[in-house]
Every structure is written in C-alpha cells, then in structure tokens.
Amino acid sequence: CGTNFLIIVMIITIFVFTLFGTPGLLWRLLSRVIAIPVIAGIAYEALRLGARFPRSAAMRVMMAPGIWLQKITTREPDVGQIEVAVSSFKEVLRREAEAAGTA
111 CGTNFLIIVM
121 IITIFVFTLF
131 GTPGLLWRLL
141 SRVIAIPVIA
151 GIAYEALRLG
161 ARFPRSAAMR
171 VMMAPGIWLQ
181 KITTREPDVG
191 QIEVAVSSFK
201 EVLRREAEAA
211 GTA
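Residue numbers (the working numbering): 111 to 213.
No lab work stands behind these hints, which were simulated from the structure alone.
Each hint can be trusted.
With beta-carbon atoms standing in for the labels, derived distance ranges:
#, residue 1, residue 2, range
1, Arg204, Pro133, 52 to 60 Å
2, Gln191, Pro164, 24 to 32 Å
3, Ala145, Arg170, 23 to 31 Å
Even for Gly, the Cβ is constructed at its ideal location relative to N, Cα and C.
When you get a sec, could you build the whole thing from the sequences and use the hints?
Rendered as structure tokens:
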C-alpha cells in the first residue's frame, strides 16, 4: 500500500541522510536528488519482499509501522459509502457494455 511505501521511504531516508551529516547546500541538494530514487527503489523492493514472505518475523517487524499508520488513517466504509461504490460500479459496467455494443 502507498502508506506503507511512504513510511519505509521515510525510515530509510532518515538512516541514509544521517550518514551525510550536515554538508554544504550544493552537496545536500545533489545528494537528495541522487539518493531519493535509489531509496524509493529500495523501499519498493522491501515491500515486494514483505509481500513474498508475510509470515517472516523480520518482514512483519519491517511492515509494522506502515500497518500502524494505515490503522490510524483508514476505516471501514459506512453503508452509504458502500451504496455509492456499488452504484458507481454498476454504472461503469453499464457504460462498458454500451461501449462494447457500439464498437
């Protein structure tokens, strides 16, 4: 999930940029531009690894902060929201069937 990805990126970023100390402005900007895509790639691979081995204790520890944040920021939909979703889905199916008939 995106929340888990952001948490992992944030944690890795803190560790990586702590190693740089407080360099000058130019070095700080260049290091961020170069390191952020690498950090995002590492976070993505960590998520894939977590999905591949969900029962691993190490993976559960790694994924826990993202799951905690999801519990804070998400909740179950109420009946009205479910009705809107079902109605919207039916409308999409109707329009797709209509478009397929005219194609």
